[in-house]
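Trainee: What follows is the residue order along each chain.
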Amino acid sequence: MLKLEQVSKSYGKKRVMHSVNASFEDGRVHGIIGLNGAGKTTLFNCICGLLDYEGDITHTAITKLKDHIGYLPTEPYFFPRIKGSEYLAFIQHAKNVKGMDNELVQYFDLPLNEYIDGYSTGMKRKLAFIGAMIGAADIYILDEPFNGVDIKSNLLLKQHILKLKENGKTILLSSHITSSLTELCDEVHLLKDGSFAKQYLPGTYNLIEQDMMEL
Amino acid sequence: MPWFIAMVSYYISLRLKQFVRFFSFNGIHPLIGIVVLLFLFTIASVTIFQKLPYAVWIYVVLALFSLLELQPAKMNVILRQQLTADTFFKAKLLENILVTIPFLVFLGYKMEWGAATLLLVTIVPYSYYSFSLPKPKLSVLPSPFPAYAFEYHNMFRMVMPVYAIHLLLLIVGVISGNFYVMLVPFFLLLFVMQTAYGLPEEASYIWLYRCNAARFLQKKMLALLIAYAGSFLPFLLTGLVFYPSSFGIVLLCFIAGLIAMLGALFIKYQFYPSALVTQITQIIFLGFAVSAIASPPVFIIILLFIGFSYLRAKRNIKSILQC
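Taken in order, these protein sequences are the chains called A and B.
Start counting the first sequence at 1; every next residue gets the next number (my numbering).
Start counting the second sequence at 1; every next residue gets the next number (my numbering).
These aren't lab readings, by the way, just hints derived from the structure by calculation.
Values in this document were obtained by computation on a predicted structure and should not be read as measured data.
Do not rely on the hints blindly, as some may be mistaken.
What the hints assert, rightly or not - On the chain B side, residues computed to face chain A include the following (Cβ under 7 Å):
1. Arg157
2. Glu202
3. Ala203
4. Trp207
5. Leu208
6. Tyr209
7. Arg210
8. Gln322
Unchecked claim - In the EDC-like style, the derived pairs of lysine to aspartate or glutamate whose C-alpha atoms are separated by at most 16 Å in a straight line are:
9. A:Lys3 to A:Glu25
10. B:Lys318 to A:Asp67
11. B:Lys318 to A:Asp52
12. A:Lys3 to A:Glu54
13. A:Lys66 to A:Asp138
14. A:Lys169 to A:Glu25
A virtual CB, placed ideally from N, CA and C, is assigned to each residue, including glycine.
Please model the complete structure; the sequences and the hints are all you need to start from.
Mentor: What follows is the structure, encoded as structure tokens:
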């Protein structure tokens, strides 16, 4: 179980996360929603250890969290003049993964022998998603994975996320598409002004949109 | 103030901001970038006038070509949509004159008033009919070692034009029979490679590594060794085959260059993520490494610095790798 205890984050004098407490169980999909600027990406970066924070982020079974996380950032960065296959090969080496899972690499039928510079937004997103899946992670943090992807890829993404869940992985998922969240998630947390304001379970998902309108 | 003057002024100020941000977005301090650019421009201008026949006319063509290169097609489309034809013309005219000022100043310095006038006159119709060069299709260039040396094949593609010049100058060095001509392409490529190592990567690209800081730096060193050996192999072979009596100097250059690059690598992570401090330190270090060719005892100081830099780099990236 992934546990956040009194997690806070400030940029200078500006506090963007206020004593966040949460527990994320294994084998479940946890949705995170909130308005733009609510602190979703900051929270994810803190969990990954890409940002310093106050408080504790721990896992009951894992000591070095970083090496067990597969992270899809909201705006993945790609080196210029790099082919899709080279990007994936880089991640494979960086994560010290032996052998490439061809089924995963071909999952979206991307033109991997072309420069990423020529990819569309959706193609870049799919490539970053494959990159995040490389290596046997226990926790997957997917920051708006459905942005800009076509309908078929959207379905493939959902299938893959459900497969991860079946395999007992912990998935943190943020999205602005409510239907995708309610379809996939076992629970949804509402992040408001840098702290969790409400938690929704499947029976109360109908309240999400109404609450969002009132924020 | 009439609307079109306000509009043209705003457009020009926007283009100037873009120009300054070009450097900062590439991790270079704008002041350093502009000084280096002016320096390179002056060197190139002097060289053209000293070495090439019909230099004046080549210079005018180059000035017009630089105008073409600096016309983003999309921006012209947006401007034509938003502005009247008259305002568009005035904005482009002012922009093009600003871009050609360095060329005009140099032509004035050379007392080439006829060429300067021709350049100015050509700008007028060009500003009216502003057109852009078609965007080249992204064709994939091959690069050696695609599976491992990630920075290398990224860098290789970045320096490909310089690498072609490097090889060409090596051939010139052989044909001219002058050993020292061969050293020019060596230093040129070394400088470009070092520049590539001056840009810090996104934190997530370090974070991804599942290893400790020492192992991370070992991997980076291995990639650099492959990159360096691959890049400078033609230089080494040319020295061995065509200038065997001076091969000692070639080897010394090769070793000094390798040490300079290793230093550049450690400095990058020592000062990560500050691009400015990294680049300044790397340039100073390169100077020391090059001076060590003439005075080998300097190598000792350099090696000591490399050791120190390695330890600092290891400490600095520990927090990202969480080990």
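Trainee: Next, verify each hint and record whether it holds.
Mentor: Outcome of the hint check:
Nearest Cβ of chain A to the Cβ of Arg157 of chain B: about 4 Å, under the 7 Å cut. The hint holds. Here the hint on Glu202 of chain B is kept, as its CB sits about 5 Å from the closest CB of chain A, short of 7 Å. Taking 7 Å as the C-beta cut-off, the interface hint given for Ala203 of chain B holds, the closest approach to chain A being about 6 Å. The interface hint given for Trp207 of chain B is met, as the beta carbon of that residue sits about 6 Å from the closest beta carbon of chain A, less than 7 Å.
A cut of 7 Å between beta carbons decides the hint on Leu208 of chain B: the least distance to chain A is about 4 Å, and the hint holds. The interface hint given for Tyr209 of chain B is met, as the beta carbon of that residue sits about 5 Å from the closest beta carbon of chain A, less than 7 Å. Evaluation of the Arg210 of chain B hint against chain A yields a held restraint, the C-beta minimum of about 5 Å falling below 7 Å. Because the closest C-beta pair between Gln322 of chain B and chain A is about 5 Å apart, less than 7 Å, the hint holds.
Note on Lys3 of chain A and Glu25 of chain A: the hinted pairing holds, with a Cα-Cα distance of about 9 Å set against a maximum of 16 Å. Straight-line distance between C-alpha atoms of Lys318 of chain B and Asp67 of chain A comes to about 14 Å, which keeps the hinted pair within the 16 Å bound. The straight-line distance between the Cα atoms of Lys318 of chain B and Asp52 of chain A is roughly 13 Å, inside the 16 Å bound, and the hint therefore holds. Restraint check: the Cα-Cα separation between Lys3 of chain A and Glu54 of chain A comes to about 14 Å, which is no more than 16 Å; the hinted pair holds.
For the given pair, Lys66 of chain A sits about 10 Å from Asp138 of chain A by alpha-carbon distance, which is consistent with the 16 Å threshold. A hinted pair counts as satisfied when its Cα atoms are at most 16 Å apart, and Lys169 of chain A with Glu25 of chain A qualifies at roughly 9 Å.
Taken one by one, the earlier hints all hold for this structure without exception.
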